[in-house]
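2 protein chains.
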Amino acid sequence: MNFSSKLLENAVNEVSQLPGIGKRTALRLVLHLLKQPKTQTHQLSNALINLVDEIKLCEKCHNISDVKVCEICANPSRNEEIICVVEDVRDVMAIENTAQFKGLYHVLGGKISPIEGIGPQNLTIDSLIAKVKEGAIKEIIFALSSTIEGDTTNFYIFKQLESLNIKTSTIARGIAVGDELEYADEITLGRSIVNRIPFETSL
Amino acid sequence: MNFSSKLLENAVNEVSQLPGIGKRTALRLVLHLLKQPKTQTHQLSNALINLVDEIKLCEKCHNISDVKVCEICANPSRNEEIICVVEDVRDVMAIENTAQFKGLYHVLGGKISPIEGIGPQNLTIDSLIAKVKEGAIKEIIFALSSTIEGDTTNFYIFKQLESLNIKTSTIARGIAVGDELEYADEITLGRSIVNRIPFETSL
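Going down the list, the protein sequences come from chains A and B.
Oh and the first sequence: position 126 is 126 in the working numbering, straight run, nothing missing.
Oh and the second sequence: position 38 is 38 in the working numbering, straight run, nothing missing.
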């Protein structure tokens with residue numbers, strides 16, 4: 001691209017480093033900002049700078065938080081005996097939205113993925129094991145995505161927990177509520193039959 | 001969305017005000033920035049702030065520029081007698097990329113569009129007419145998109161130039177180079193036959 005302005009070129013180059021945003025989209029976004037009042041861009045920039053400078057990870061669950069111990073971990077009405085293991089903050093938000101879980105979380109910060117160069121030492125697995133060894137936790141729920149990386153991570157953690165005499169569970173895999181059986185993939189449908197539940201509990 | 005952090009929520013809200021970016025995409029972008037070194041976010045924010053605070057519009061052609069008179073208008077080797085009327089900086093960049101135009105530009109800043117509340121007074125049409133009245137310009141090339149708004153804007157300007165005894169032209173509409181005839185729309189194909197050119201000039 002042949003820019004008439006260094007300032008414009010610079011802004012477009014920076015914006016186009018974001019994932020999924022190419023040069024053309026970046027130019028469109030930047031020109032949009034130029035048409036808006038300056039305050040909008042200042043607010044945007046300040047929000048981003050404040051975020052990266054001020055954000056903390058919760059000491060207990062490693063979730064993104066404004067304070068040392070996040071709201072969920074600091075909430076005395078939550079059940080400290082059940083820990084749900086998730087990949088990142090988006091999963092915490094998704095599960096919180098269901099209002100079905102009253103325990104605490106443990107955010108791994110990713111999944112074991114040799115291809116992306118992420119090993120167990122890059123995740124917060126040691127901290128989880130240490131927490132379990134303290135003895136107050138009764139159940140660990142694995143809630144990672146059902147991919148090879150997710151299953152590997154689950155299994156790696158499970159192996160380390162095996163000797164600690166703790167209950168482990170994983171979220172149910174099956175046909176999504178409202179989905180047609182005929183469009184479900186075979187593995188999901190197969191699992192949903194093997195892991196069928198008493199009819200009364202589904203009511 | 002149920003954020004665990006005000007800082008995160010604030011950043012996501014600001015990013016999701018950009019056109020075509022929803023809350024989920026904004027969250028993905030913001031979490032990406034959090035995984036990168038802080039300097040990247042600082043560079044991005046500074047580039048945006050510098051842009052909106054420092055950018056100027058060229059006094060002559062109204063194109064986006066770092067200085068009072070843009071590079072193109074300040075270039076003595078360009079032909080000041082031909083003015084190409086375009087909508088915005090992207091069109092200038094596109095035409096400059098062709099390296100086929102050696103005249104100057106006039107950036108309108110939009111098209112007349114009653115639906116979006118853009119009238120002639122919101123564009124730089126008066127400045128264009130004033131420039132023409134000075135007498136040095138010999139030809140005006142209309143290079144707006146071929147839409148109702150573009151045609152309306154062309155016609156509005158054309159009517160004001162009519163009495164000034166100046167040559168006006170519009171960029172050629174026709175079948176794109178490399179396109180198959182059978183897939184061309186009827187209006188474009190029809191126009192390309194009516195406005196056919198001597199074969200020798202197409203070589």
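Take these hints with a grain of salt, some might be off.
Where chains are identical, the list cannot tell them apart; a pair therefore holds if satisfied intra-copy or between any two copies.
When the alpha-carbon atoms are kept at most 25 Å apart in a straight line, the in silico DSS-like pairs for lysine-lysine are as follows [what the hints assert, rightly or not]:
hint, residue 1, residue 2
1, K167, K35
2, K38, K102
3, K133, K35
4, K68, K56
5, K23, K6
6, K167, K60
7, K133, K102
8, K38, K6
9, K102, K6
10, K131, K167
11, K23, K167
12, K35, K60
13, K56, K6
14, K60, K6
15, K131, K23
16, K35, K23
17, K38, K138
18, K159, K35
19, K138, K35
20, K6, K133
21, K167, K6
22, K6, K131
23, K35, K56
24, K6, K159
25, K23, K159
26, K138, K6
27, K68, K102
28, K38, K56
Since the hints were derived computationally from the structure, they do not count as laboratory data.
So, going through the hints one by one against the coordinates:
| no. | hint | in the structure |
| --- | --- | --- |
| 1 | K167 <-> K35 | neither (57 Å within a copy, 33 Å between copies) |
| 2 | K38 <-> K102 | neither (43 Å within a copy, 34 Å between copies) |
| 3 | K133 <-> K35 | neither (57 Å within a copy, 29 Å between copies) |
| 4 | K68 <-> K56 | within (7 Å within a copy, 44 Å between copies) |
| 5 | K23 <-> K6 | within (15 Å within a copy, 30 Å between copies) |
| 6 | K167 <-> K60 | within (20 Å within a copy, 75 Å between copies) |
| 7 | K133 <-> K102 | within (22 Å within a copy, 75 Å between copies) |
| 8 | K38 <-> K6 | both (19 Å within a copy, 23 Å between copies) |
| 9 | K102 <-> K6 | between (53 Å within a copy, 22 Å between copies) |
| 10 | K131 <-> K167 | within (14 Å within a copy, 81 Å between copies) |
| 11 | K23 <-> K167 | neither (50 Å within a copy, 36 Å between copies) |
| 12 | K35 <-> K60 | between (44 Å within a copy, 20 Å between copies) |
| 13 | K56 <-> K6 | between (35 Å within a copy, 12 Å between copies) |
| 14 | K60 <-> K6 | between (46 Å within a copy, 19 Å between copies) |
| 15 | K131 <-> K23 | neither (46 Å within a copy, 34 Å between copies) |
| 16 | K35 <-> K23 | both (18 Å within a copy, 22 Å between copies) |
| 17 | K38 <-> K138 | neither (53 Å within a copy, 38 Å between copies) |
| 18 | K159 <-> K35 | neither (56 Å within a copy, 28 Å between copies) |
| 19 | K138 <-> K35 | neither (56 Å within a copy, 32 Å between copies) |
| 20 | K6 <-> K133 | neither (57 Å within a copy, 33 Å between copies) |
| 21 | K167 <-> K6 | neither (60 Å within a copy, 34 Å between copies) |
| 22 | K6 <-> K131 | neither (52 Å within a copy, 27 Å between copies) |
| 23 | K35 <-> K56 | between (34 Å within a copy, 12 Å between copies) |
| 24 | K6 <-> K159 | neither (55 Å within a copy, 37 Å between copies) |
| 25 | K23 <-> K159 | neither (46 Å within a copy, 37 Å between copies) |
| 26 | K138 <-> K6 | neither (59 Å within a copy, 31 Å between copies) |
| 27 | K68 <-> K102 | within (21 Å within a copy, 61 Å between copies) |
| 28 | K38 <-> K56 | between (29 Å within a copy, 13 Å between copies) |
Of the numbered hints stated above, those contradicted by the structure are hints 1, 2, 3, 11, 15, 17, 18, 19, 20, 21, 22, 24, 25 and 26, listed in ascending order.
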